[in-house]
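**Student:** Letter by letter, the chains look like this.
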Amino acid sequence: MSTNGSTGEASDEDAGATIRAASGMPLAGLTLEAIVSGKVQPGDISISADTLLRQARIAEEAGRVALGGNFARASELVGVPDDVIIDTYELLRPGRVSDPQVLLERARMLREEYGASRIADFLVEAVEVYRRRDLFRKRY
Amino acid sequence: MSDFLRWGRFEVWDSRPLAHDRFAAEDPEAGFSTFRSPWDPEPSIRIENGRVVELDGRQEADFDILDCFIARYHIDVDVATEAMAADPVDVARMLVDINVPKETLERLARGMTPAKLASVVAQMSALELTFAYSKMRQRRTPGNQAHVTNAKDDPLQLAADAAFAVALGFDEVETTMRVADNSWANALACTVGTAVGRAGTLFQCSIEESEELKIGMAGLASYAETVSVYGTEGAFVDGDDTPWSKAFLTAAYASRGIKARCTSGAGAELLMGLHERKSVLYLEARCLCLQRGMGVQGTQNGGIDGAPLTASMAGGVRELIAENLIAVWLGLECASGNDTRISESELRVGSKITPYMMAGSDLLCSGFGSICKYDNTFNPSLFNGEEIEDFLAIQRDLEVDGGLTPVKERQAGEIRMRALRALQAVFSELQLADLSEARLRSVAAASGSHETDTFTPGEVTRISRKIRDRKLTAIDLVRALAARGFRQEAENVLFMLHQRVRGDYLQTSSILRDGKVVNALNDPNDYRGPGSGYRMTAERWHDIQDMRKLVTRQSVLEAAHRTDAAEADWLNTTGPAQKGADPHEVVIGVSPAFGNRLQRTTADHDLVDVLIAIMEGIRDRGGAPRIVRFLHTADTSFLGLSAARLSGSGYGIGIQAKGTAVIHKADRLPHFNVELFSNAPVTTLDHYRGLGRNAADYMLGRVPEPIVVPVDGQALSARYHVQVSLLHAIETAMVDRDAAPVELAVNLGQDRR
Chain A
-13 MSTNGSTGEA SDEDAGATIR AASGMPLAGL TLEAIVSGKV QPGDISISAD
37 TLLRQARIAE EAGRVALGGN FARASELVGV PDDVIIDTYE LLRPGRVSDP
87 QVLLERARML REEYGASRIA DFLVEAVEVY RRRDLFRKRY
Chain B
258 MSDFLRWGRF EVWDSRPLAH DRFAAEDPEA GFSTFRSPWD PEPSIRIENG
308 RVVELDGRQE ADFDILDCFI ARYHIDVDVA TEAMAADPVD VARMLVDINV
358 PKETLERLAR GMTPAKLASV VAQMSALELT FAYSKMRQRR TPGNQAHVTN
408 AKDDPLQLAA DAAFAVALGF DEVETTMRVA DNSWANALAC TVGTAVGRAG
458 TLFQCSIEES EELKIGMAGL ASYAETVSVY GTEGAFVDGD DTPWSKAFLT
508 AAYASRGIKA RCTSGAGAEL LMGLHERKSV LYLEARCLCL QRGMGVQGTQ
558 NGGIDGAPLT ASMAGGVREL IAENLIAVWL GLECASGNDT RISESELRVG
608 SKITPYMMAG SDLLCSGFGS ICKYDNTFNP SLFNGEEIED FLAIQRDLEV
658 DGGLTPVKER QAGEIRMRAL RALQAVFSEL QLADLSEARL RSVAAASGSH
708 ETDTFTPGEV TRISRKIRDR KLTAIDLVRA LAARGFRQEA ENVLFMLHQR
758 VRGDYLQTSS ILRDGKVVNA LNDPNDYRGP GSGYRMTAER WHDIQDMRKL
808 VTRQSVLEAA HRTDAAEADW LNTTGPAQKG ADPHEVVIGV SPAFGNRLQR
858 TTADHDLVDV LIAIMEGIRD RGGAPRIVRF LHTADTSFLG LSAARLSGSG
908 YGIGIQAKGT AVIHKADRLP HFNVELFSNA PVTTLDHYRG LGRNAADYML
958 GRVPEPIVVP VDGQALSARY HVQVSLLHAI ETAMVDRDAA PVELAVNLGQ
1008 DRR
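Residue numbers (my numbering), protein chains in the order written: chain A, -13 to 126; chain B, 258 to 1010.
If you're looking for bench data, these hints aren't it; they were derived computationally from the structure. Just so it is clear, the structure is predicted and the values come from calculations on it, not from any experiment. Here a beta-carbon is modelled for each residue, glycine too, at the ideal position from N, C-alpha and C. Keep in mind that a hint or two might mislead.
[What the hints assert, rightly or not] Just the calculated beta-carbon pair ranges, DEER-fashion:
(1) A:Glu47 - B:Ala650: 38 to 46 Å
(2) A:Ser9 - B:Arg792: 41 to 49 Å
(3) A:Ser23 - B:Glu716: 29 to 37 Å
[Unchecked claim] Only pairs whose alpha carbons sit at most 30 Å apart, straight line, appear in this in silico DSS-like list of lysine-lysine:
(4) B:Lys806 - B:Lys665
(5) B:Lys922 - B:Lys836
(6) B:Lys836 - B:Lys359
(7) B:Lys630 - B:Lys806
(8) B:Lys665 - B:Lys630
(9) B:Lys728 - A:Lys25
(10) B:Lys665 - B:Lys773
(11) A:Lys25 - B:Lys723
(12) A:Lys25 - B:Lys773
The whole structure should be built from the sequences, with the hints applied where relevant.
**Tutor:** This is the structure in structure tokens:
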């Protein structure tokens, strides 16, 4: 069984050499030796926004437009810290907030601080639907 | 009309496993309808200025959260008018037509509403649904997923069982836990276990959404499946989500390089009491349109937790295939259920899996319980640890690839031990726990957690909390494995971290085989009839065939010839056999290999004992046995008839080396015998003695009770016919049609006669 990282291509055979992690570290730098010597940080095992946009393009070219849209939204979340992501997910769950402004404020924050405009639009759209369907109602 | 007795057969039926199953009456108002409820909407769509303003009979102002999402993200308005106008029967025919490309149908599906999709698959029989599934499923190479859990949340057992699941060939391993706080220990242990043997097995830790995401972010899971969606607004909200929260979650997983699929399935809304009186198929069609719109690459559907409830309904299992078909028709990866056990009846289980075995699937089971039933923390699966070899046998029977490969005893033992040692090293290096050799060995040998002497529940929870609170990640795990000499396992975990950065496995239907991503893009299902689509390689087919304990010519011959060389030649030829004159004579006609090349019957009796028993029986009744070997035939009937014709009394016995025997009479037709002893595997020496007695009784003109060799319904053919045919071939190979019969003498020394 090969464990060579450069053999895992599915859709873009030449991309291996140029792929970088979210931290900017080239994939080629993600080696056992680097980990053992303590040089690898969590950002080095995370996908980058560029790679996700490339995957979005590949999906769209294969006729999978909705899948591409998901990858494009995902690309905007790469730079968003874990806790902010988890917290935003919580806010989006039904009845977590009774004031739509909280969600709109989160949309603004994601747009302005992280450039996540697709995600922000998505949140704004959710607010409109939640309002109409009476989901800003505390459940616990 | 009261003149009746309760027939005992009903008691037989009441005692069968099936009697535990429940069959539900059709009752659409209570949510019990499969394909069509009177409350299901008629398919409809209205588009104004590129905007969907009516969906399945509902106006935009009345759209619920599902309608809103489906209208905005699923419906392709450029295709909708054409797709909605198509006749459902015509589309159903296209689905089973090998000349209509998959892409043509996928395009139409993007313009169809949930009610329209349901109306098409409702036209199709179980066979047609299965065939269409084989054509429409996304990845060409089939795969499978395992559940790896145990009743103690024991990380040791998880590691060993995960490694075994990898050896069996599962592409994905899913765990969950009894105690939520144990999730981190579960995740770490399974990550170690799936790194043993080979790289590339995807792993997920199923728990509450937020926690699962955290575990994934730490690199201790490579895919997520618990992105559950529901077919009514009420059920969705009770499930604590909305389409928007779930779509956000899906994007969040992708943003961390984690493969994700949604989960939905017939019966979920019914179980939650929020079914809106709709058919389970229609509700599932809504779920699937929603999922496509969310941009998730795949789904786990086909009932899932609701499968037993759906299977209780008439046509329910057909419905489960239908909803899987809608999933793949929408271009989604499909982990096609076959997980929650739908029945206590093994026959219903076999029937349930068969269509999927034949059609193939991205992941046949989601998942297959690779552990014992009682250790499955999800619930018993359709197939479980106890039944793995049954599944392997079905693969072999139908010559299909269900994704699994037989594992030999030694290989299983070595792989389990390696996983246990690796986890022991990791726990020690990361100062999580010290493991005694006794515990390790206990788990290595145990089939399930009932047999293990291992961590206490409290110890596991403390380990899990340490992993979480110290924020340990896959990086720490790789370092620990490498530091303790588990370099290959460290490389294998690292390989999965590379996949996260590359993201290729985020594309539809991705699994990893031989270090490569294999998915719907680089391995598209191209089934277009015979000669196309997935075909096993010769090597893969060989592996599937190679079950444990294969019967071979050599193994059969060795078993049948088991005798001491010094004891050979107990049956000696004394000269040509002649017609006898003694009216009390019974000739025993033995077959060509009897007592020379073959020495034992299929019941494992020594042929010496068999022959002595028959002769004793004949003498008991005053008969005179004479032994003749025939070489011109190996057939029992002809042996018996030939013996009768040489016999002075006109009665003879024919017997083959494998133990099949017959009493025959000189004036009869070959296959019209006096008594036949055809079930050699259950024929005892007493039966052979009785055979001799009866033959002598017939000779004396008496009418004895025929000897009954009792059988209790065992499938003797399944148990013995392999040996029988190989043994018989040895006899037939020795036949010489021109050879004359010879007289035999039994030579045992002293008084064994």
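**Student:** If a hint holds in the structure, say so; if it does not, say that too.
**Tutor:** Right, here's what the structure says about each hint:
1. A:Glu47 - B:Ala650: 38 to 46 Å: Holds - the Cβ-Cβ distance for glutamate 47 of chain A and alanine 650 of chain B, about 43 Å, lies within 38 to 46 Å.
2. A:Ser9 - B:Arg792: 41 to 49 Å: holds, 43 Å
3. A:Ser23 - B:Glu716: 29 to 37 Å: With Cβ atoms ~32 Å apart, the hint holds.
4. B:Lys806 - B:Lys665: holds, 10 Å
5. B:Lys922 - B:Lys836: Roughly 14 Å between the alpha carbons, so the hint for lysine 922 of chain B and lysine 836 of chain B holds.
6. B:Lys836 - B:Lys359: violated, 76 Å
7. B:Lys630 - B:Lys806: holds, 24 Å
8. B:Lys665 - B:Lys630: holds, 21 Å
9. B:Lys728 - A:Lys25: This hinted pair holds, its Cα atoms lying about 17 Å apart.
10. B:Lys665 - B:Lys773: holds, 26 Å
11. A:Lys25 - B:Lys723: At roughly 23 Å apart (the allowed maximum being 30 Å), lysine 723 of chain B and lysine 25 of chain A satisfy the hint.
12. A:Lys25 - B:Lys773: holds, 27 Å
Comparing the model with each earlier hint shows a violation of hint 6 alone; every other hint is respected.
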